[in-house]
Every structure is written in structure tokens, then in C-alpha cells.
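> Chains U and L are the protein sequences, given in the same order. 11 is the number of the first residue of the first sequence in this note's numbering; add one for each residue after it. 11 is the number of the first residue of the second sequence in this note's numbering; add one for each residue after it.
Hints may be right or wrong, so weigh each one.
One copy or two, either will do: identical chains are not told apart, so a pair holds if it fits within one copy or between any two.
Stated by the list, open to error - List of simulated lysine to any residue pairs, SDA-like, C-alpha gap at most 25 Å:
id: 1; residue 1: Lys305; residue 2: Arg180
id: 2; residue 1: Lys141; residue 2: Lys329
id: 3; residue 1: Lys298; residue 2: Phe88
id: 4; residue 1: Lys303; residue 2: Asn89
id: 5; residue 1: Lys298; residue 2: Asn89
id: 6; residue 1: Lys250; residue 2: Asn181
id: 7; residue 1: Lys289; residue 2: Arg190
id: 8; residue 1: Lys294; residue 2: Asn182
id: 9; residue 1: Lys303; residue 2: Glu93
id: 10; residue 1: Lys101; residue 2: Pro14
id: 11; residue 1: Lys303; residue 2: Asn86
id: 12; residue 1: Lys113; residue 2: Gly71
id: 13; residue 1: Lys294; residue 2: Leu243
id: 14; residue 1: Lys298; residue 2: Gly22
These are computed hints drawn from the structure, not numbers from a lab. Since we're looking at a predicted model, the values are computed, not measured.
There are 2 protein chains.
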Amino acid sequence: MEKPYVVGIDIGGTNTVFGVVDARGQILYSGAIKTGNFPDVNDYVSELAKGLKLVINQAGGKEVIKGIGVGAPNGNFFNGCIEFAPNLPWKEKIPLAQMISDKVGIPVALTNDANAAAIGEMTYGAARGMKDFIVITLGTGVGSGIVVGGNLVYGHDGFAGELGHVIMRRNNGRLCGCGRTGCLEAYASATGVARTAREYLEIRNDASLLRDLAPDSITSKDVYDAAAKGDALAIEIFEKTGTILGEAFADFVAFSSPEAIILFGGLAKAGDLLMIPIKRSMEKNMLKVFAGKTKLLFSQLKESDAAVLGASALGWELK
Amino acid sequence: MEKPYVVGIDIGGTNTVFGVVDARGQILYSGAIKTGNFPDVNDYVSELAKGLKLVINQAGGKEVIKGIGVGAPNGNFFNGCIEFAPNLPWKEKIPLAQMISDKVGIPVALTNDANAAAIGEMTYGAARGMKDFIVITLGTGVGSGIVVGGNLVYGHDGFAGELGHVIMRRNNGRLCGCGRTGCLEAYASATGVARTAREYLEIRNDASLLRDLAPDSITSKDVYDAAAKGDALAIEIFEKTGTILGEAFADFVAFSSPEAIILFGGLAKAGDLLMIPIKRSMEKNMLKVFAGKTKLLFSQLKESDAAVLGASALGWELK
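Next comes chain U alone, as it looks inside the complex:
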């Protein structure tokens, strides 16, 4: 009989969350440890293995687990390593999939967070039944998971799908965290929205609820709250953000002609404030042959569970 459960592990800079998941995408048992408490990765894996054994035993033991999927920043599917992740305590190249598998005795696959999100949407979410789609993660940064013909695009080195780093402004572009200028991420991430807010407040004179805040402390959440109250300047910030995303999406469609582009992550909570300008801009910039063909959707994974679900979906693909 097919084993009925998988385990998903989401590794973040602060917390590592894990859970046992069934084929319908229900998290049955879950746990968490503090990533930041373990400067030595061996200690981290030992503690994680303890937590995993607990939830696996609750589910019925390792005989009922088909595989373990891990979503981690800078995770490379091909070699199961985390490579030089700036936000994790371990800077070198860590063979994490192998280390976990050795401790727990279950096959482990690992990929980056955005790829995990894409597999999650395909298995349990908005992309069920689709073979060609792109998930765009809008958080602190902008990430992407690209699916072509039913398979995740890894590229020849395992690092494909860095769509937050296509260049949207080739002149006078904003400095991006990657060291280049004009990247999509510098405009369309949560951080990018806050930067746009500071820029608008400085160069314009119109009234705005955002003027009550210290400019340097403004977050994308503040911009959302103001826009939700009808603040014209805040609404315009989301329009500007959506416009750049739509321009980028039209180029992505010229590449892989996906059935849908799915928005995932904190900033996607802005809903229509972001979606309406994205749609308008994407269609305005679209090559004619693609006009009106690509759906724009929100993630259908429950936010608190999404990262664990996405990672767990990788477990179903293990032999």
C-alpha cells in the first residue's frame, strides 16, 4: 500500500517548523524549533531529528511516511545542500538533506522556499491540474518557482527561477540586495513597497496618513493599512508596485507561456489593491499572441501552513 503521509520542514532564519501531512494537505501533527539557537549545524540537526521523531511516532511511525521535503533559503535540489544562505546561522555549504536522512532513516529532498511553494500549489493549492505555471513569492524579497510541463525548472545547476532579479529599470534603477541595480525585487518586495512610500513622501506634497509616521520606520503593512482606509497616496504606491510586477509578468509569459501566475506571501495579502494594477499592466504589456490567456491567482494554501505544506509536497515525489 502507498504510504499515506509525508513530512514537511520549513527552515527560516528564526524558526524551523515541521509537520506530518496527508494527501489532502492536512497538517496532522506539527512542531517547531528555534533555528537561531544552534550555531553548530550538528546540534541543530540533532534537535530537529528529535522533534521529527516525535511527530512521526504520533502519526504511526516511519513506516507510514513516504518522504520528507525541506524548504530552505538557498536550498539546492540537485545536491540536497544549503549553500551560503545569508540569513541562516551556518554560512558554508551544508549537506542538510543527507544529514536529516541519516538521523531519521527516511528519504529527504530539499529545495528553496519558492520552489517548495510552487510544488505546494500544484499538489494542494491553486495550481492543481496545471502543468505550466509560475509562483511568485512576495515577501521581504521576491522569489519564484517555475513549473514547465509538470516539472519544476531547476536549470543545469539547480538555481533556476530567480525572477526577483530580472532587471526592470536599466537606468537609475534602485540598488538591490544582490548588489546590482533595477531588480524587480527592489520594487515589488515588501521592502520595495516601503521604499516607494519613502520616495513618494519625499518628492511629493499631497496629504497622506503615512505622513504621521517616521519615514524610516514605514513598512508595507503601514502602506496597506493606509490604502485600506482610502489614502490616495498609499493606493498609488500599490498601483506603482502592481504596474512593475505586470511589466515583469508580461516578459515571463513570453518565456514559458504559463496557464497561471500565482501570488504567494505576505504582500499578496494586499489583494485587489495589488492584483488590479498587476492585471492591467500585464495585459497592456503583453505580446498579442498571449493576450488574455494567462490567469492571475492568489495562493490557495492557508498562510500559516503554506511553507510546511509546500515543503511536504516534495516528499510525495521521493522514491
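Since the structure of chain U is provided, determine the placement of chain L on it from the hints.
Structure of chain L alone, referenced to chain U:
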């Protein structure tokens, strides 16, 4: 025993060329008809079938042919149709693969020219053994065939891979044949090179061999000839063209992280005049994780045969 041959058909606006090809990429028997002589597509297919039967009989009859591959402008692999091709005599949606198969009694697959080129490189050319690469065709327009994990990227509708129409200049971009502005094709095609030449000659005052020509009649070949003679302005035109291509390629790498990008088509004959600035610009614009990893190569298909070979390669994939 596996059937030893395939047939490739390359449909252009002027000529249709076809040939019987073996597993090593040798064209054994070939023929051609004038595409433009047949305003009725039924007459065209009848004449084409006559020519095909001739070369197939020379090869030993249809029992030795595994399949027929067709490369055609606006060809859609999914439904075997040519759809609204502006440069062919038949404007509507033509089920060409089915029509040819009905006449000849051999399975037929059809795709667009750039996709055929990509399969050709993978089967007989520069991409043998590669699973992730992109072919960029530099001719009158700019086309692309993208291979991910060993499979051509068709997208959900069969039209993926329009990389000539990503937007490279979002302000004051050149008008493109597609009706939008700033497309890669408007700069990096043979036509784009000629436009750059006219632009440079008008706004600059430095001497150039190109000033001996009537500006409106200048072609990319003229620019190449001048550059080959050491003309500084002509060399700079190729540098500008290569710079824009390199910027675009860095974005393509962020999408699918290919092992190689392969240049195909007439403009690729410019060789190092184009390749050196492309490489410089691509690496300058590359996200760090991809730096130095993606090869830039020229097509290894003999130019006169390339289109037929590319189309024929599709024949091997038929059941």
C-alpha cells in the same frame, strides 16, 4: 529494427525545402518547392507530397522513415497547425501536420522554426548531451527555442519562447513589428542592426565606410562588411547590439539557468564582433550565483542545412 531515417521540412515564405536525414544528421536526399506559388494550401500540400514521395522512395520507401518533422513560422506543436502566419500565403489556421500525414502516410509533427533549431542543436549540434539550453535565432527577427530538463518548453498554449519580445527599453523604446516598443527584436535582429546603423549615422559625425551607402538601403551585411574592414563605427554598432543581447541573456539565465545559450541564424555569422560584447555584457549583468556558469556558443549546424536538420530532429520523437 528501428527505422533509420527521418524527413525534415522547412517552410519559409519563399521556399519550402525538405530532405531525408539519417541519425548522424546527414541529409541524404533533398528537394524544394516554391511556397509562394500556391495561394491554395491544398495545391501546396499536393505538390509537397509529390516531392516528399520522390525523396522517400530514393531512401527506400516509407517503411524506413520514422517520422516527418516540420519547422514553420507560427507553427504550433500541440495541434499541428500553422496559425495566422503573416509571411505565408495562407492566413487562416491550417492543420498542416494532419494534411501532410494524410497524403504521405507517415506521422508528422510540426513546430516553429526556432523550436526546430533547438531540437536540431540537441540532436545533431552544439547542444548534444545538454538538458538545459536556449537557442536564440538572430535573423530578420529574433526567435528562441528553450529546452528545460531535456524537453522543449511549449507552455500551456504551445507558444512559449518568444524571447525576441521581452522588453529591453521601457522608455523611448524602438517600435517593434509586434506593435509594442522596446522589444529585444527591434535592436538585436538583422533589421535592428541596420536601424542602429541609420541612427548612429544620423546623430554622429565621425567618418565611416557606411556613409558611402544610401542610409535607407543599409543592411546588417553592410555593417558586417564595414566592421570586418576595421570601420570603428560599424564595430561599435555590433558592440551596442551585443550589449543589449547580453543584458537580455542575463535575465534569461535568471529564468531557466541554462548550461548554454546558442546563437543561430544569419546575424550569428558576425562571430566575435557580436560574441565578445555579448559575453562581456552578459557577465556584467549576471546575478552572482550564475556568474561564469553559462556557455555562449555558436550553432554547430551547417547553415544551408540547419533548418531542414532542425525540423527533421522532431521526426525522431514521433511514435
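> What hints, given by number in increasing order, does this structure fail?
10
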